[in-house]
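Q: Quick mapping for you: the protein sequence lines, in order, are chains A and B. Note that full-length UniProt numbering has the first sequence beginning at 1, numbered continuously upward. Note that full-length UniProt numbering has the second sequence beginning at 1, numbered continuously upward.
Hints are computed from structural coordinates only; laboratory data are not their basis. Note that the structure is predicted; figures quoted are calculated from it, not measured. Where hints are given, some of them may not hold.
Put simply, identical chains are the same to the list, so a pair is met inside one copy or across any two.
As the list claims (entries may be wrong) - Below, in silico cross-link-like pairs of lysine-lysine (BS3-like), each with a Cα-Cα straight-line distance of 30 Å or less:
id: 1; residue 1: Lys245; residue 2: Lys310
id: 2; residue 1: Lys10; residue 2: Lys223
id: 3; residue 1: Lys103; residue 2: Lys10
id: 4; residue 1: Lys173; residue 2: Lys270
id: 5; residue 1: Lys160; residue 2: Lys310
id: 6; residue 1: Lys10; residue 2: Lys333
id: 7; residue 1: Lys103; residue 2: Lys181
id: 8; residue 1: Lys181; residue 2: Lys310
id: 9; residue 1: Lys310; residue 2: Lys333
id: 10; residue 1: Lys103; residue 2: Lys333
id: 11; residue 1: Lys181; residue 2: Lys270
id: 12; residue 1: Lys270; residue 2: Lys333
id: 13; residue 1: Lys333; residue 2: Lys245
id: 14; residue 1: Lys310; residue 2: Lys223
id: 15; residue 1: Lys173; residue 2: Lys333
id: 16; residue 1: Lys333; residue 2: Lys223
id: 17; residue 1: Lys310; residue 2: Lys270
id: 18; residue 1: Lys160; residue 2: Lys181
id: 19; residue 1: Lys10; residue 2: Lys181
Protein chains: 2
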Amino acid sequence: MTDAKQVTLKPGDTIGILGGGQLGRMLAMAAARLGLRCQVFSPDPDSPAFDVVLNATCAEYADVEALEMFAGDVDVITYEFENVPAAAAMVLDARRPVLPKRKILETTQDRLAEKDFVTRLGIGTAAYADVTSVASLREAILRIGLPAVLKTRRFGYDGKGQAIIREGDDIAKVWTSLATKSAILEAFIPYEREISVIAARSATGQVECFDVTENEHRDHILKISRAPAPIPDALAEEARSVAGKIADALDYVGVLAVEMFVLANGTGPKVLVNEIAPRVHNSGHWTLDGASVSQFEQHIRAIAGWPLGKPVRHGEIVTMTNLIGDEINDYGKWLSVPGATVHIYGKGAPRPGRKMGHVTEVRRPIEGK
Amino acid sequence: MTDAKQVTLKPGDTIGILGGGQLGRMLAMAAARLGLRCQVFSPDPDSPAFDVVLNATCAEYADVEALEMFAGDVDVITYEFENVPAAAAMVLDARRPVLPKRKILETTQDRLAEKDFVTRLGIGTAAYADVTSVASLREAILRIGLPAVLKTRRFGYDGKGQAIIREGDDIAKVWTSLATKSAILEAFIPYEREISVIAARSATGQVECFDVTENEHRDHILKISRAPAPIPDALAEEARSVAGKIADALDYVGVLAVEMFVLANGTGPKVLVNEIAPRVHNSGHWTLDGASVSQFEQHIRAIAGWPLGKPVRHGEIVTMTNLIGDEINDYGKWLSVPGATVHIYGKGAPRPGRKMGHVTEVRRPIEGK
Chain A
1 MTDAKQVTLK
11 PGDTIGILGG
21 GQLGRMLAMA
31 AARLGLRCQV
41 FSPDPDSPAF
51 DVVLNATCAE
61 YADVEALEMF
71 AGDVDVITYE
81 FENVPAAAAM
91 VLDARRPVLP
101 KRKILETTQD
111 RLAEKDFVTR
121 LGIGTAAYAD
131 VTSVASLREA
141 ILRIGLPAVL
151 KTRRFGYDGK
161 GQAIIREGDD
171 IAKVWTSLAT
181 KSAILEAFIP
191 YEREISVIAA
201 RSATGQVECF
211 DVTENEHRDH
221 ILKISRAPAP
231 IPDALAEEAR
241 SVAGKIADAL
251 DYVGVLAVEM
261 FVLANGTGPK
271 VLVNEIAPRV
281 HNSGHWTLDG
291 ASVSQFEQHI
301 RAIAGWPLGK
311 PVRHGEIVTM
321 TNLIGDEIND
331 YGKWLSVPGA
341 TVHIYGKGAP
351 RPGRKMGHVT
361 EVRRPIEGK
Chain B
1 MTDAKQVTLK
11 PGDTIGILGG
21 GQLGRMLAMA
31 AARLGLRCQV
41 FSPDPDSPAF
51 DVVLNATCAE
61 YADVEALEMF
71 AGDVDVITYE
81 FENVPAAAAM
91 VLDARRPVLP
101 KRKILETTQD
111 RLAEKDFVTR
121 LGIGTAAYAD
131 VTSVASLREA
141 ILRIGLPAVL
151 KTRRFGYDGK
161 GQAIIREGDD
171 IAKVWTSLAT
181 KSAILEAFIP
191 YEREISVIAA
201 RSATGQVECF
211 DVTENEHRDH
221 ILKISRAPAP
231 IPDALAEEAR
241 SVAGKIADAL
251 DYVGVLAVEM
261 FVLANGTGPK
271 VLVNEIAPRV
281 HNSGHWTLDG
291 ASVSQFEQHI
301 RAIAGWPLGK
311 PVRHGEIVTM
321 TNLIGDEIND
331 YGKWLSVPGA
341 TVHIYGKGAP
351 RPGRKMGHVT
361 EVRRPIEGK
C-alpha cells in the first residue's frame, strides 16, 4: 500500500480509472485537459468512458490477471463508483496507489458504518437503527417512529434498495420485499430542502469546497441542481465545514460529496448529513461549465498530488438539469437555448431512469436573479 | 462529393479528424461532450489528439489505403489545419463529406488567392502584389512602398516564411532567403491593435460570431488574447460582419477565424483583413472556459448538421495566455491562481516556440475592470 503523499504525477503520466460510466468519462476528460492520460477499466464493452481514452481494459472486476496488468500500465488508480469490490481494490492497492484510499470504501459502502462514523464526529444525521430481522425492524420502529425509511446497508442508489414505511403498513411484508438481512431504519426527515457539498481534499490536507448546491429529485433521481443554494451564509458555511470535517476524518484524497437535509428548527435552520459519496457526484456537474475548475479536475489534481484549484463560480446562479431516459431525445431543443451547455454521455439506448446527459445554464448578473 | 446539407449526425456517430495536434485534441473533446465519437488521422505517433480517442489512424497523408479505410470508419471528416494535402482531401471527399469543403482550402492555402478573394468581396486588406522574382519584387516595392512584408504564398505560420523589408535592405538577398518562387508583398500596416473574429456557420447558413478578441503576439506567436476587444461597438460590429460575409461567400460550414488589423484613420478606426484560418484558432481558445459554448463545440455542431449554439460569455473580460516552450514548466504556479483554468496539451518536449498549453482567466464583474 503506497502512501498518498508519495504520488506526484507529471504531464504525460497515466491515471487508471475503475468504472466506465459518465463519471469516469468526465474524469478522463478533465485529466486530458491537464495533460494526463487515463486508462479505463470496466467490464462493459459499451462503456462511455472508453470513447475518450486511447487505452481501455475490458474485464471483470474479479479478473485478477487483468487487474494486475492494468495496475502495471498506470501510475495511480482511482474509481468512479463507491461499490468497488474489496478484493479488486486489494489486488490493485498492492501494486499502485489507490486514491481515495480503499479503507474509506469500508465506511462508505455500508450505510450503518457511515452513519456511525458521522455520528462519532458529532455531526447530526437522521435517527437510525441497525435492522437484521423483522423483529429488530419492529423494535427500531418503536424507537424511531413512523414514517421511516428502511434501506439496505449496501449497494443502494437512486432510490433502489429502500422503502418508506408508514403507519398501518404490513411490516413483515416490507421486510421481505427488501430481500436483505442487513438493513438500516432511518427516521423520515421533514426537510425544507436537500443540499450537497462537493469537497476536494489534497494529500497535504488542503480542502476546497464548491458552493453549496440545492438538489431536486424526481422519482428518487436527481433532476435539478442549483448553485449556490438559497440558504443563509452561516448555514452554507456550516454545511461546508461539515464536509471538510468528514474529509479530514477520512484522511481523504480526492473529491467527495456530502448530501444533507436542511431542517427548519426552533432556533433557525440546521443541516443533517444524509449520505457520503466517496467520488465525484451528479450534484457537482454544474462545476464543469459554471466554475473555473470543475469537480472532475479537482479530483484529478488531488490524486495527482497537484495543488487544488481555487474555483471561481461563473455567474450569479448556475443550474444543472439532468436528461433522464427519453429526455435525451430533446437534445436538439437544448442545443438552441442561448447560454445552455449540453452534455451527452454517449450511452446506448435511453432506458427509463438512465442518466443520459445534462444541461448547464449560467445566469449572468445582468439578467437579474 | 456529398452535399454538406445531407449531413446530420446522431449521438454515437463518428467524426474523422485530420491532424493530431492540440486543435484536433480539443475538437475531439468537444465532440465527446456532445456524445459524438472521433477518430484521429495523423502521421505522428505521438499526436496529442490520439490520447483522447479510442480509435486513431497513424499513417502518412499520402497513404491512400489508410485514407480510404479511415473514411470507411467515420461519418463525416474535418481537419485541424489548413495545409491538408489536396490529394488527401480528394481521396476522402470521394467517400465521405469533408467539411469545411475542400475547395475552400484552395483559397485559404494561398495568400494571394485569399487576398484576391477578400478584395473581390469589397473588404479592405493591406495593399499587396504578386511576387515571382527579384524583378517583380522590385516593381512591387515601387508600387507599395517600404516597409513591407514579403511572405511565401503557401505554408507560412507563426511568422515562418516571411520577412520584413525596410529602406536600405538588400532586396536580392531577402528574395533569395525566402527560397520560393511564389510570394506576396504586403504593405506594412501601422496598426493600432490586432483583433480576430471566430465565426461559426452551419450548413443552413446560420452564422454565430464570438465576441471580437484582441491578440498580442510575441516573436510572431500569439501570446495573449482578450475578449471582448476594447474597441467601439460599431467597429466590433463591422469586424463581425466582415467575418460573416467571408463565411457566407465561402459557403462555409464549420468555424473559421479572421485575423484583422485595427487602423486609426481620419474618420475613425477601421479594420483590414490580415488572414483567414479555415479552422478553429488559437485566439478562440478563451471560449473553452469563457463562454457557454466553445469554438470547438461550434465547429462540431456545424459539421454534424446540428444547430449552432448561442454562446454567452462568462464574466466581463476573458483572458487567454499561451504557455510556449519552457513556460509550460510553470504549470504548477498557474494551478494555484484563483479562477485560472489550466490546459496542458500532452505534448512531449517543450521546444522553443512550441505551443504547450494555455491558461484562461475569467474576470467577474465584481472584481471591476
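Q: Now look at each hint and say whether the structure bears it out.
A: Okay, the hints, checked on the actual structure:
no.: 1; hint: Lys245 to Lys310; in the structure: within (19 Å within a copy, 42 Å between copies)
no.: 2; hint: Lys10 to Lys223; in the structure: between (37 Å within a copy, 24 Å between copies)
no.: 3; hint: Lys103 to Lys10; in the structure: within (26 Å within a copy, 42 Å between copies)
no.: 4; hint: Lys173 to Lys270; in the structure: neither (35 Å within a copy, 80 Å between copies)
no.: 5; hint: Lys160 to Lys310; in the structure: neither (36 Å within a copy, 39 Å between copies)
no.: 6; hint: Lys10 to Lys333; in the structure: between (41 Å within a copy, 14 Å between copies)
no.: 7; hint: Lys103 to Lys181; in the structure: within (23 Å within a copy, 70 Å between copies)
no.: 8; hint: Lys181 to Lys310; in the structure: neither (45 Å within a copy, 54 Å between copies)
no.: 9; hint: Lys310 to Lys333; in the structure: between (34 Å within a copy, 12 Å between copies)
no.: 10; hint: Lys103 to Lys333; in the structure: neither (45 Å within a copy, 32 Å between copies)
no.: 11; hint: Lys181 to Lys270; in the structure: neither (33 Å within a copy, 78 Å between copies)
no.: 12; hint: Lys270 to Lys333; in the structure: neither (39 Å within a copy, 39 Å between copies)
no.: 13; hint: Lys333 to Lys245; in the structure: between (42 Å within a copy, 28 Å between copies)
no.: 14; hint: Lys310 to Lys223; in the structure: both (27 Å within a copy, 24 Å between copies)
no.: 15; hint: Lys173 to Lys333; in the structure: neither (45 Å within a copy, 60 Å between copies)
no.: 16; hint: Lys333 to Lys223; in the structure: within (18 Å within a copy, 37 Å between copies)
no.: 17; hint: Lys310 to Lys270; in the structure: within (27 Å within a copy, 40 Å between copies)
no.: 18; hint: Lys160 to Lys181; in the structure: within (16 Å within a copy, 73 Å between copies)
no.: 19; hint: Lys10 to Lys181; in the structure: neither (47 Å within a copy, 46 Å between copies)
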